[in-house]
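Colleague: Take these sequences, add in the hints, and give me the full structure.
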Amino acid sequence: MNAALLRRAGGSHLRPYLSAARLSFRRQFAYPAATFWGLTTNLFFGALRVAVLLALFGTRPQVAGYTPADAVTYTGLTQAFLSAFSLFGWYELMRTVHRGEVATELLRPHSFLGFWLAQDAGRAAAQFGLRGVTILALYGVFFGLKLPPGVEGWTLTLISAVLAWVCGFAFRFLVNCAAFWSPDAVGIGRFAWALMGLACGFLMPLAFFPGWFRTLLAWTPFPSMMNSTVEVWLGHAKGGEALGVLGVQAVWAAALLGLAQLVLARGLRRLEVAGG
Amino acid sequence: MDRQGGAPASPPHPGPIEREQKPPALWLPRLYLRLLGAQVRSQLVYRTAFALDALAAALVTGAEFAAFALVLPRFDSLGGWTLGEVALLYGLAELAFVLMDLVFGGFDAPNLSAHVRTGSFSTFLLRPVPLPVQIFGSDFALRRLTRVVLAAGIVAYGVSRVSVTWDAGDVLLLAGSVLGMIAFFGGLFVVGGTLTFWTVESVEAMNVLTYGGRTLISYPLNIYPAWLRRTFTYLIPAAFLSYFPVLHVLGRPLPDGLPSWAALLSPVVGPLILAAAFAFWRVGVRRYHGTGS
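Residue numbers (this note's numbering), protein chains in the order written: chain A, 1 to 276; chain B, 1 to 293.
No lab work stands behind these hints: they were computed from the structure. Every residue, glycine too, gets a C-beta built ideally from N, C-alpha and C. Mixed in with the good hints, there may be bad ones.
Here chain A is said to cover these stretches of chain B; the calculated rule only asks that three of the stretch's residues, wherever they fall, bring their Cβ under 8 Å from a Cβ of chain A [as the list claims (entries may be wrong)]: (1) 38 to 51; (2) 217 to 228.
To list a few chain A residues with every Cβ distance to chain B over 12 Å, as calculated [what the hints assert, rightly or not]: (3) R15; (4) S19; (5) L54; (6) V102; (7) T104; (8) G114; (9) V151; (10) V186; (11) W219; (12) V248; (13) V251; (14) L257; (15) L262; (16) G267.
Modeller: This is the structure we're talking about:
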């Protein structure tokens, strides 16, 4: 096969995924009022978190490798990733299973997991563009924001952010798969999001936690879903160390996606769709 | 019940009309409890799901406070407040907020706007039962009881860790603080719910005041920038609810040279806000059009 043919074959193969991502991207712009108030709420909570962290620092110049400026940047970053990584819950897959809409999707001739991944990519990109970038800009104006060190820092941060999103997506997908087994999996979801909020470093930078707790978390995929990206952005992990962090994230991303595919196959085997 | 019996032209018949005008004592509280009972039974149908949901409800709060408690040893104190002292503030705010949510959940904008959108709110208006009783009894989430227990535990931890010789006055002051907070946040829920008569879409702006306000007063107000602390003292009187009472119990002076009796105002401030909120509610119900669904 020559290159042009290969490209065309690949292109037509990818087309449904690309249009799913594009549609999902555009859908995020449908409710400007909700976006505005979401931003306001996000900024208010962000300001409260900044106040708590700065009060904790007091006059200390540095704690656990974080300066007060690092801590402020940390809250800005986590607040900016909040909607893109959909940390406060995501029940869309669960809903389609409960309503039986999942049957229609299964008729489509492409990967179920891949299709949802594409949709979430569009959603996450739009949310980051709409809310994330705005929040980072406003943090830059009001509180001050440290930027990644140089081109290398930006590149590593970008890769790390994408990997964090993949890990988070696979985890959310897995949690939603509970709907195949339980008629009311919402409780499982709420439980999982609360655990994730603590363990991924959203509530506090993981560096501030006691050693035993960080050791425990190091065995889980949660730090790869946010904390790793913050550390790469702040330059706490750089050069070879940053590559190591990215490697761990990539391994977790692959493992979680594989697990999601496995659990999905199991779930689909026992799926019963009641009338429609 | 026959509502036409009381037509003005007919002379009063003592029997049936008397019965209609004077419903049995405690009719409304009993009705309210029956509404709650029906919801509790339905929520207990899927036992495992309920248990997980209840556990998750507590974990949301538990994780937030645990993150703070795990981190504090690295820093010694939060703006001069020990973990026990912060636990007292945090626990009181959480306890009051979750109790409020159990009582006022029906007024929360997402719930009420769903009733307005689907038209079931119009059905409420047809029934011969006072409207607020129906709303009060419409969203009782039993799973939140785990959060009540956890919040009470955090308060108990705070009480045991602060150096205060407790007397009856202190206990009354904190009980009044919780009651004031329940009324205050209940009032905010009623205002948020009322706004859905006009906007139909749920009112996200109110979240800044309700959930944002709860988070704000979970920590000592002296850690915030002066403008933020003053806004939530003099414009939105949230500082009177728990910050001032806790300062008083700890034997510390109030900020801005406020007199010490200002710490006793929580049971006044909260109900005032709630009364104003219900006045607004009555205006909203009078203007209510329905969505035609």
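Colleague: Each of the hints needs a verdict: does it hold here or not?
Modeller: Against the structure, the hints:
1. 38 to 51: It holds, with 5 qualifying residues against the three required.
2. 217 to 228: holds (count 5)
3. R15: Its Cβ never comes within 12 Å of chain B, the nearest being 35 Å, so this holds.
4. S19: holds (29 Å)
5. L54: About 8 Å separates A/L54 from the closest Cβ of chain B, which leaves it inside 12 Å; violated.
6. V102: holds (20 Å)
7. T104: About 25 Å separates A/T104 from the closest Cβ of chain B, which puts it past 12 Å; holds.
8. G114: holds (30 Å)
9. V151: Per Cβ check, A/V151 is outside 12 Å of chain B; nearest 33 Å; holds.
10. V186: At about 7 Å from chain B, A/V186 fails to clear the 12 Å cut-off, so the statement is violated.
11. W219: holds (17 Å)
12. V248: Nearest chain B Cβ is 22 Å from A/V248, so the label holds.
13. V251: holds (26 Å)
14. L257: holds (25 Å)
15. L262: Holds: least Cβ distance 23 Å, greater than 12 Å.
16. G267: Since the minimum Cβ distance to chain B is about 17 Å, A/G267 lies beyond 12 Å and the statement holds.
In the structure shown, a violation is registered for the earlier hints numbered 5 and 10, in ascending order.
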